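**Student:** Given next are the chains, with one letter for each unit.
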Amino acid sequence: MNTPTMLNFGAGAILLSGLTGDNWRLADYRARGGYKALEKILENPNHWTPDQIIAEVKLSSLRGRGGAGFPTGMKWSFMPRHAPEKYLVCNADESEPGTFKDRDLLRYNPHLVLEGMIIAAYAMGCARGYIYIHGEIWECYERMEEVLKEAREAGLIGKNILGSPFSFEVFNHHGFGAYICGEETAMLESLEGKKGQPRYKPPFPANVGLYGKPTTINNVETLANVPYIILNGGQRFLELGQPNAGGTKIFSISGDVKRPGNYELPMGTPFTVLLNLAGGVREGHMLKAVIPGGSSSPVVPASTMLDTKLDYDSIAKAGSMMGSGAVIVIDNSRCMVKSLLRLSEFYHEESCGQCTPCREGTGWMVKILHRLEHGEGREGDLETLDQVAHNIMGRTICALGDAAAMPVRSFLKHFRDEFDFHIKNRRCQVQDYV
Amino acid sequence: MMKSLLSDQSLRLIETAIAKYPEGRKQSAVMAALTIAQDEHGYLSTDVLNEVARILEMSPMAVYEVASFYSMYRLKPAGRYTLTLCTNLPCALQGAGSAAQYLKSKLNIDFGETTKDGMFTLQQGECMGACGDGPIVLVNHKKMCAKMTREAVDAFIDDLYGSAGKDKR
Numbered sequence: 006m007n008t009p010t011m012l013n014f015g016a017g018a019i020l021l022s023g024l025t026g027d028n029w030r031l032a033d034y035r036a037r038g039g040y041k042a043l044e045k046i047l048e049n050p051n052h053w054t055p056d057q058i059i060a061e062v063k064l065s066s067l068r069g070r071g072g073a074g075f076p077t078g079m080k081w082s083f084m085p086r087h088a089p090e091k092y093l094v095c096n097a098d099e100s101e102p103g104t105f106k107d108r109d110l111l112r113y114n115p116h117l118v119l120e121g122m123i124i125a126a127y128a129m130g131c132a133r134g135y136i137y138i139h140g141e142i143w144e145c146y147e148r149m150e151e152v153l154k155e156a157r158e159a160g161l162i163g164k165n166i167l168g169s170p171f172s173f174e175v176f177n178h179h180g181f182g183a184y185i186c187g188e189e190t191a192m193l194e195s196l197e198g199k200k201g202q203p204r205y206k207p208p209f210p211a212n213v214g215l216y217g218k219p220t221t222i223n224n225v226e227t228l229a230n231v232p233y234i235i236l237n238g239g240q241r242f243l244e245l246g247q248p249n250a251g252g253t254k255i256f257s258i259s260g261d262v263k264r265p266g267n268y269e270l271p272m273g274t275p276f277t278v279l280l281n282l283a284g285g286v287r288e289g290h291m292l293k294a295v296i297p298g299g300s301s302s303p304v305v306p307a308s309t310m311l312d313t314k315l316d317y318d319s320i321a322k323a324g325s326m327m328g329s330g331a332v333i334v335i336d337n338s339r340c341m342v343k344s345l346l347r348l349s350e351f352y353h354e355e356s357c358g359q360c361t362p363c364r365e366g367t368g369w370m371v372k373i374l375h376r377l378e379h380g381e382g383r384e385g386d387l388e389t390l391d392q393v394a395h396n397i398m399g400r401t402i403c404a405l406g407d408a409a410a411m412p413v414r415s416f417l418k419h420f421r422d423e424f425d426f427h428i429k430n431r432r433c434q435v436q437d438y439v
Numbered sequence: 002m003m004k005s006l007l008s009d010q011s012l013r014l015i016e017t018a019i020a021k022y023p024e025g026r027k028q029s030a031v032m033a034a035l036t037i038a039q040d041e042h043g044y045l046s047t048d049v050l051n052e053v054a055r056i057l058e059m060s061p062m063a064v065y066e067v068a069s070f071y072s073m074y075r076l077k078p079a080g081r082y083t084l085t086l087c088t089n090l091p092c093a094l095q096g097a098g099s100a101a102q103y104l105k106s107k108l109n110i111d112f113g114e115t116t117k118d119g120m121f122t123l124q125q126g127e128c129m130g131a132c133g134d135g136p137i138v139l140v141n142h143k144k145m146c147a148k149m150t151r152e153a154v155d156a157f158i159d160d161l162y163g164s165a166g167k168d169k170r
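In the order they appear, the protein sequences are chains W and H. For the first sequence, my numbering gives the first residue as 6, with consecutive numbering after it. For the second sequence, my numbering gives the first residue as 2, with consecutive numbering after it.
Warning: the hint list may mix true and false statements.
[Stated by the list, open to error] Below, simulated PhoX-like cross-link-like pairs (lysine-lysine); rule was C-alpha separation at most 20 Å, straight line:
| # | chain 1 | residue 1 | chain 2 | residue 2 |
| --- | --- | --- | --- | --- |
| 1 | W | K200 | H | K27 |
| 2 | W | K263 | H | K27 |
| 3 | H | K77 | H | K117 |
[Said to hold, decoys possible] Cβ pair distances, simulated, as ranges:
| # | chain 1 | residue 1 | chain 2 | residue 2 | range |
| --- | --- | --- | --- | --- | --- |
| 4 | W | K372 | H | E114 | 21 to 27 Å |
| 5 | H | D48 | W | D318 | 54 to 60 Å |
| 6 | H | S5 | W | G163 | 28 to 34 Å |
[Stated by the list, open to error] So these bits of chain H aren't anywhere near chain W, every CB distance computed over 10 Å:
| # | residue |
| --- | --- |
| 7 | R26 |
| 8 | Y44 |
| 9 | P78 |
| 10 | N89 |
| 11 | M120 |
| 12 | G126 |
| 13 | H142 |
| 14 | Y162 |
| 15 | A165 |
FYI, nobody ran anything at the bench for these hints, they're computed from the structure. The model shown is predicted, which means the values in this text are computed figures rather than measured ones. We put the CB at the ideal spot given by N, CA and C, even for glycine.
Okay, chain W solo, but in the shape it has when bound (with noise of 0.2 Å):
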């Protein structure tokens, strides 16, 4: 018999390590240690009181993974201690442009997301809870349907988990074509089977959730790191990182490079690094840009990038965020108002149409830079289009509205001269484009 061969996510990795793309079940995470720090806590409940766990989470600086990087610790001790009905929702519904690292989390080592949500659960006093999967990853929708199915067999997941008092019921939910559910509040209306519209906050899920109950929503990397703290200590996972930034951090790098993938680096990993294991820019082209966290973060020139190390402090210093950890690579041959009009187009699409100045001041953006790109921009318009932008920014009542005016400052900021070029000359200033 042929010995499977590994992936390769990175020599450091603690979350993607281990993999062969074929050895998800219980069985095969079970011999990787599988559900140890879950029975550690089960086996000891003396030590392990969930005010411990939260206490180790803390320790460990571990950030919320889906982009806000909020402290995960302090996210789970928002939960009001004695209410009789809370929820844990784990949000797999990674949409955002360039990301696409729970994807792999979810078909490759589906369990370690789970075994961290049990403990999430158990640390938070959560009876139920939901996964909720974009739908366009279909199969990763049926194989946690397995995956749940596996675990509630071995009653990992269900009544007296482990034969311990602690119960947890785990569901899957599937997204069905909206980015804006992945919003929190978005994404518990579409768990309540409706539009997904952001809610107003105040209050807060951890007071007024799914159901109007108290609800944790935490990403699907975030849930994964839970097992390595628990088993190993908080202390351990700070030191796989930066001070205020525990562990490892799975980057998607995407665009303009030779090989695109996830690749797991301790956090503040030098961007070079990063942009190395990826085969660095394609044949015969040079670095122009990068958007360092996702779509929504601010575009980050070449020059820059190339000095920037990938955490949340050194990113931000760089003027952008770290987001997801979805690196978009663009090279010197691609034209920038054709790609900010892209993705402009997109938060256009995917705006919810509750907010105004989202609703309608994405759609001038696109009708601007439009013209921008046909030709037929006129004098002025960039000025109306950076005041579109910063009209949006701030009033709505989700991020969607920053996400989509990021880009549009930040390409206008550094790369004003393609599009003065655009309406000057009215054509392209490089001759390949997206």
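Given chain W's structure and the hints, the job is docking chain H onto it.
**Tutor:** Here is chain H on its own, set in the frame of chain W:
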């Protein structure tokens, strides 16, 4: 009682979906129910939407709202296979533009159109969360096909004709 527009199998699947949610929260199963109904009928007619509303004890309007909000529900008939090509930036950088041109010329249709033989509807889509494998085509909103080069497009169109049991044109 009138026979349901949905098959017994679909009705059973919807019951399974309802059981995932707490007592009295049938509405939570609406997305699953619509998906199951669409898989059976190919698209969601008003009659089918009304039937889903009846099963879930929802107002028909609440069901229409959901069906029209999420982009993968089809409210009009389409080809046997709906091909959705992601054209968002990462996929575009990785060749979605040429994949689009090739698909259009091979099928002799534009985005939003259906081939004369009723086999394929081609449309543009947004991020499917698999950018590393782009360009991505989603078949009937469920089957993901990765790295859509010309050769890959040829192979998978032939394959779909094959599974439909039809002659190639």
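**Student:** Which hints from the list above does the structure break, by number from lowest to highest?
**Tutor:** Checked against the structure, the hints that fail are numbers 2, 7, 10, 12, 13, while the rest are satisfied.
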